[in-house]
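Trainee: As they're listed, the protein sequences go chains B and Z.
Per numbering that gives the first Met the number 0, the very first residue in the first sequence carries number 0; after that it's consecutive.
Per numbering that gives the first Met the number 0, the very first residue in the second sequence carries number 0; after that it's consecutive.
Hint data in this document are derived by calculation from the structure and do not stem from the laboratory.
Treat each hint with caution, since some may be false.
[Said to hold, decoys possible] Using 25 Å as the maximum straight-line C-alpha spacing, the simulated PhoX-like pairs for lysine-lysine come out as follows:
1. B:Lys300 - Z:Lys88
2. Z:Lys69 - B:Lys300
3. Z:Lys52 - B:Lys300
4. B:Lys149 - B:Lys136
5. B:Lys200 - Z:Lys88
6. Z:Lys71 - B:Lys200
7. Z:Lys45 - B:Lys300
8. B:Lys9 - Z:Lys45
9. Z:Lys52 - Z:Lys69
10. Z:Lys69 - B:Lys9
11. Z:Lys71 - B:Lys300
12. Z:Lys92 - B:Lys200
13. B:Lys138 - B:Lys82
14. B:Lys22 - Z:Lys92
15. B:Lys136 - B:Lys102
16. B:Lys168 - B:Lys138
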Amino acid sequence: MNPGVNTAMKFRTMRRHIREGSKNILRNGWMSIASIGAVTTTLILVGAFLILILNLNQVADNLEKDVEINALIEPTADASEIKTLGREIEQLANVANITFSSKDEELEKLIDSMGEKGESWELFEQDNPLNHTYIIKPKDPDRTPELAKKIAAFDYVEEVNYGEEVVEKLLRFNFYARSIGLVLIVGLVLTAIFLISNTIKLTIMARSEEIGIMKLVGATNGFIRWPFFIEGMLLGMLGSIVPITAILGGYYYIEQAIGEQTSYSFIDVLPYNPFAWLLSLFILIIGAFIGIWGSVMSVRKFLKV
Amino acid sequence: MILMKDVYKTYPNGVTALSNINVDIQQGEFVYIVGPSGAGKSTLIKLIYREEKPTNGTIVINEKDLANLKEKHIPFLRRDIGVVFQDFKLLSKLSVYENVAFALEVLEESPRNIRNRVTEVLELVGLKNKARSIPDELSGGEQQRVSIARAIVNHPRIVIADEPTGNLDPDTSWGIMRTLETINDRGTTVIMATHSKEIVNTIKKRVIAIADGKIVRDESRGEYGYEI
Chain B
0 MNPGVNTAMK FRTMRRHIRE GSKNILRNGW MSIASIGAVT TTLILVGAFL ILILNLNQVA
60 DNLEKDVEIN ALIEPTADAS EIKTLGREIE QLANVANITF SSKDEELEKL IDSMGEKGES
120 WELFEQDNPL NHTYIIKPKD PDRTPELAKK IAAFDYVEEV NYGEEVVEKL LRFNFYARSI
180 GLVLIVGLVL TAIFLISNTI KLTIMARSEE IGIMKLVGAT NGFIRWPFFI EGMLLGMLGS
240 IVPITAILGG YYYIEQAIGE QTSYSFIDVL PYNPFAWLLS LFILIIGAFI GIWGSVMSVR
300 KFLKV
Chain Z
0 MILMKDVYKT YPNGVTALSN INVDIQQGEF VYIVGPSGAG KSTLIKLIYR EEKPTNGTIV
60 INEKDLANLK EKHIPFLRRD IGVVFQDFKL LSKLSVYENV AFALEVLEES PRNIRNRVTE
120 VLELVGLKNK ARSIPDELSG GEQQRVSIAR AIVNHPRIVI ADEPTGNLDP DTSWGIMRTL
180 ETINDRGTTV IMATHSKEIV NTIKKRVIAI ADGKIVRDES RGEYGYEI
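If we strip away everything but chain B, and leave its shape as in the complex, we get (with noise of 0.2 Å):
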């Protein structure tokens, strides 16, 4: 018989693979139940995580979209000097936009932030003490504090700020939080696999002997292996329901819970629609090839015949 012939599967082939793919599933029973309880384990710590480090990371940009630098102009610069000045601003790398404000609108904004203790502050509408400003949204904001040292160099710059604590703190968190999230998530996974391979591998060992006849009749490996590749696939789907089911059903009240009791713009978690979704799709993802890499490693030595 030519190798060459018959590469192709047939349709009846893999109608053949699914079917017995399921059917093993129900034959190993407990064991079946042992990996998807594995997999539901592991994609609900996933799926938690990622709620949180997504949102996190929401809140974060979110911030990081607020950060500007002010740069405060020195009384003396008259009009001419103010536009130069601005236009030698505009021209940095990192800066996204810059607009003018007045000491007027500096004090009108100032009196506004200060709400009902404000109202004292109007004195100072006919001697203001405050100075024109230039506000500078940079458009990257992990590097505000190197943009902020080239303005402070200008001249007729008196003094910069963008609230250097806060936002270092913050860019610094960042950082962290991503990097821990990112580490805990893989770390999940590949334990998830560990597992699902384990018990996918004491299945197979009870059919190593069924494995070993097809192999003496002429299987090709790939014709041993799908049954096993749908079989782990299965698991991992059969994995994500319960974690889907609690993802679909728990955000809308975190939604809702978070929506009512906060009234700051930056916190705002991720919409229902999509991102609720979206993470019941990668779930059922993640589920899938965690079962498919599982069985596809732990088949792979059966087949050594």
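Here the structure of chain B is known, so what remains is to put chain Z in place on it, guided by the hints.
Mentor: Showing chain Z alone in chain B's frame:
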């Protein structure tokens, strides 16, 4: 066709199972392989269907040089070789019919083809009325016939039987032999490792005798030749 030239086999634990083996078996021959336990009969057989690789020497099976045979082409070599095991190697959860059909499903045959050929081969081994039984409900001889049916259902060019009558009573053994002769009459090469002096001396065929991993005798229409 089976050709072995200067074949040596040493297992990783240092045991030399075969040395200086030279064999040439033509298509359609019936060959007994005799010799005491541990002489190397099973190793010789395993070399043919490539369960073991030789340490040295050339093996050509059905025009394929096994030294150059890629791992992924082994299944296609085995589709031309039917193997009957002493311990049957049947799947205990499947019926007789399913056990035989299994060998064809693996080859992605059409369901109609599978049905026809399984029925035909079960008739040949005389198990048509046991098709729905599972192996545990059968006698040893019947199980061995299922094993033979599975080995030949694909019309392989070579059938290898490793002590197919090993644990069976004399009557059953003769039945098995008749089946193997029928297959041989249809042009299939049959290679049978056996301990049965009675069978070898009654149904006269070519005999290859092995002792201590060497071929000590190779004669057509031979005798068993020595006492155990």
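Trainee: Decide, hint by hint, whether the structure agrees.
Mentor: Each hint, compared with the structure:
{"no.": "1", "hint": "B:Lys300 - Z:Lys88", "verdict": "holds (20 Å)"}
{"no.": "2", "hint": "Z:Lys69 - B:Lys300", "verdict": "holds (18 Å)"}
{"no.": "3", "hint": "Z:Lys52 - B:Lys300", "verdict": "holds (18 Å)"}
{"no.": "4", "hint": "B:Lys149 - B:Lys136", "verdict": "holds (14 Å)"}
{"no.": "5", "hint": "B:Lys200 - Z:Lys88", "verdict": "holds (21 Å)"}
{"no.": "6", "hint": "Z:Lys71 - B:Lys200", "verdict": "holds (23 Å)"}
{"no.": "7", "hint": "Z:Lys45 - B:Lys300", "verdict": "holds (20 Å)"}
{"no.": "8", "hint": "B:Lys9 - Z:Lys45", "verdict": "violated (31 Å)"}
{"no.": "9", "hint": "Z:Lys52 - Z:Lys69", "verdict": "holds (12 Å)"}
{"no.": "10", "hint": "Z:Lys69 - B:Lys9", "verdict": "holds (24 Å)"}
{"no.": "11", "hint": "Z:Lys71 - B:Lys300", "verdict": "holds (15 Å)"}
{"no.": "12", "hint": "Z:Lys92 - B:Lys200", "verdict": "holds (20 Å)"}
{"no.": "13", "hint": "B:Lys138 - B:Lys82", "verdict": "holds (21 Å)"}
{"no.": "14", "hint": "B:Lys22 - Z:Lys92", "verdict": "holds (13 Å)"}
{"no.": "15", "hint": "B:Lys136 - B:Lys102", "verdict": "holds (19 Å)"}
{"no.": "16", "hint": "B:Lys168 - B:Lys138", "verdict": "holds (19 Å)"}
In summary, the one numbered hint that this structure violates is 8.
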